[in-house]
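Those protein sequence lines, which keep their order, are chains R and B.
Going by this note's numbering, the first sequence opens with residue 1, and the numbers climb by one from there.
Going by this note's numbering, the second sequence opens with residue 1, and the numbers climb by one from there.
By construction, these hints were calculated from the structure, which means they are not laboratory data.
Ideal Cβ positions, reconstructed from N, Cα and C, are used throughout, including at glycine.
Among the hints, a few may not be true.
Just a few of them, taken from the derived set where beta-carbon distance is under 10 angstroms, the chain R residues facing chain B [said to hold, decoys possible]:
id, residue
1, VAL92
2, PRO168
3, VAL217
4, VAL249
5, GLY250
6, TYR307
7, ASN310
8, ILE311
9, ILE339
10, ASN361
Number of protein chains: 2
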Amino acid sequence: MELHLQKAKNASAICTSLEPSLKNEVLLHMAKALKKNSEFIQRENKKDMAYAKKHNLSSALQDRLLLNEKRITAMADSIVDIAALKEPVNRVLEGWKVDSGLNIQKVTVPIGVIGIIYESRPNVTSDTAALCFKSSNVCILKGGKEAQNSNVAIAKILQDVLEANDLPKDIISLLPDSSREGVANLIKQDKYVDLIIPRGGEALIKFVSENASVPVVKHDKGLCHTYIDEDADFEKAVKVTINAKCRRVGICGALETLLVNKKIASTILPILKREFDKYGTELRGCKESQKIIEVVDAKESDYQSEYLDNILSIKIVKDIKEALSHIQLYGSGHSDAIITENYTVAEEFLNGVDSACVYLNASTQFTDGGEFGFGAEVGISTNKLHARGPMGINDLTTYKYKVYGNGQIRA
Amino acid sequence: MELHLQKAKNASAICTSLEPSLKNEVLLHMAKALKKNSEFIQRENKKDMAYAKKHNLSSALQDRLLLNEKRITAMADSIVDIAALKEPVNRVLEGWKVDSGLNIQKVTVPIGVIGIIYESRPNVTSDTAALCFKSSNVCILKGGKEAQNSNVAIAKILQDVLEANDLPKDIISLLPDSSREGVANLIKQDKYVDLIIPRGGEALIKFVSENASVPVVKHDKGLCHTYIDEDADFEKAVKVTINAKCRRVGICGALETLLVNKKIASTILPILKREFDKYGTELRGCKESQKIIEVVDAKESDYQSEYLDNILSIKIVKDIKEALSHIQLYGSGHSDAIITENYTVAEEFLNGVDSACVYLNASTQFTDGGEFGFGAEVGISTNKLHARGPMGINDLTTYKYKVYGNGQIRA
């Protein structure tokens, strides 16, 4: 392991000075190589699929694992898109001259060596590798063991392209020891690794956060709220709420708890119930809501649940203050929305909710790098520091200060 | 402890929405209160001074501890300066409209609850508290035990001002348990604490980094280099090198290892030696340098040393490549400089050295928030993420995305 990380660190010094044109050329070469080796990838993927069947993995999980011609083409296209992104390194963020006559420039630089831990979908392997390479970072990838053969095949193809371009293959590598111990070891190597990005279940995130000495940018859960204010436009309220819950129930930006102002609850809840019934959504409501519509009795644990399922908890609140307190207590700081036409209430909500993304009159399912206009997405950070919310490629950079003088000494 | 942190977290929700004018008024009130209570502070400080004498603390340390009328006035003036800084919260960093019609704003917000661990100088207590309050953060301060009475007095005065302004005193507090166990407990409380800033010795930094589950922004060591290139202007080279080493030898931006291009070594080293002799600097050089000037034989361990003392290691290198490799191997990523008139070599150095601050023809001792024009300094971060190098008050903020819609749903 130590040797592997040492090589990664050395490769990182080479990465820093790569010209944008070379990086983009290599990326296009990678895209071609994936398409050219489509059959090889599918052959390796079949081994993973066989493993999945043998171990009775769910059909949803099996579908995520599957690679076919079309999906491999999509992976290649995604790399082409990444090549087309604006160069993230060497952007001058700020520049100024100080009294001593020094010219200071704050310039973006790669982070260095990034360890990324993820699950299932093998396309994450090529996407992530391409995003890291485009931002001049070295990546050490640790995918799920169910996708091991596919990931090895994809990484090998990308490494071959690196070597064909006289670049060290260590720029993109899989973690050699993919066991839990391997991960535990990786997250302690702050001498070699600059950042760990864990994307996966709660147990993984908790394990990494508690044990890492390397800085971590988490992709944790989303317990998202929508608050329908008394001054809401009902049409918007219904449309947005249904979308936030039902468009896709399994993503982190999906609505989990609906808060409704009590002044309008008796009018809007029956309308919402009719719409949710069309989607077969199970509604679990507070005592107050039970007087208005037929719902399952919501327990304390419901308001603490990220269902990631076709279930919604509902709570009637007396005003914006109670909505804010509820979100402060139960929210996960991911995405929360208010539906209102009232300017002052809207601003109180947007300022008062301490979440990565706060929405006015829009669906929380917009929390996504693509929807934010970032192009390819690194993930959605639930960290407060370094990167928060949808992460674009610029979030894979940090900065340094370049200071230009002509002999200045400090007094 | 848990109750204390809970109160801090609750205070943080109140802090978020404080008006700039109120914050500034309270800060000016704090400045006045410090001056008004100067005698009380000095009385408490005398207890610390007595403790310091009794425990034979060095005269340098005793001088750092001492608070007199003049120093208390300086502390008050520093708060006035902090009040005058530009409001750091609610700055719109970027704003754009996406295809769906959503207006997205990336806006600065406070980090939340910040734990700051520091040593000796009691003025850090008022400075840090003021910086955190100005940026709408709650702080939990843990100073050195040698300054305990002074810190308690200062914190009490600031808390009284908060309460006189109907604000919770929990906005500024001292860690109730200031033992090592208290610190160990604090850095695990990611439920309540959003950031830990340790400023102090290597042991403290290491302990915090390895044991924290709260994100950490370190203020670690500076093993700074200056490389004198063959195309250096000798006058600048000598002036800058002497300043980088001798202006103050005990600060993290002080020069520790001088690298000299072999083509000019025999000319410049004798000049440098003459100058360093005036400052009584002990020079430890490589074998090559020993052929040119009289120096102590430098060992491997010298190149690994942050002396923080009037000692300098010297190494002759054959070219910029060797200078870069040396810095990559021994540097601490703090501040490094090159002295050259050659544009291409300068850029190779500035891009190739992975440090927070890289200098061309200037002294590494400029690494300082004040010199960078940031006003009051939070510290100098040796982290790569969130904040790197001199930290100004803006580095005490993070951001959220405010997303304004008019009923948008995701397709």
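Taking the hints in turn, this is what the structure says about them:
Violation of the interface hint for VAL92(R) is found here, the shortest Cβ-Cβ separation to chain B being roughly 13 angstroms, above the 10 angstroms cut-off. At its closest, the beta carbon of PRO168(R) sits 15 angstroms from a beta carbon of chain B; the interface hint therefore is violated under the 10 angstroms criterion. Checking VAL217(R) against chain B: minimum C-beta separation of about 8 angstroms stays under 10 angstroms; hint holds. Hint status for VAL249(R): violated, given a least beta-carbon distance of 13 angstroms to chain B, over 10 angstroms.
With a cut of 10 angstroms, the hint placing GLY250(R) at the interface with chain B is violated, because the nearest CB-to-CB distance is about 14 angstroms. Given hint, TYR307(R) at the interface with chain B, is violated; its Cβ is 19 angstroms from that chain's nearest Cβ, farther than 10 angstroms. Violation of the interface hint for ASN310(R) is found here, the shortest Cβ-Cβ separation to chain B being roughly 17 angstroms, above the 10 angstroms cut-off. With 10 angstroms as the threshold, the beta carbon of ILE311(R) stays out of range of chain B, its nearest partner Cβ sitting at about 20 angstroms, so the hint is violated.
For the restraint placing ILE339(R) at the interface with chain B, the shortest Cβ-Cβ distance is roughly 9 angstroms, inside the 10 angstroms limit, so the hint holds. Hint status for ASN361(R): holds, given a least beta-carbon distance of 5 angstroms to chain B, under 10 angstroms.
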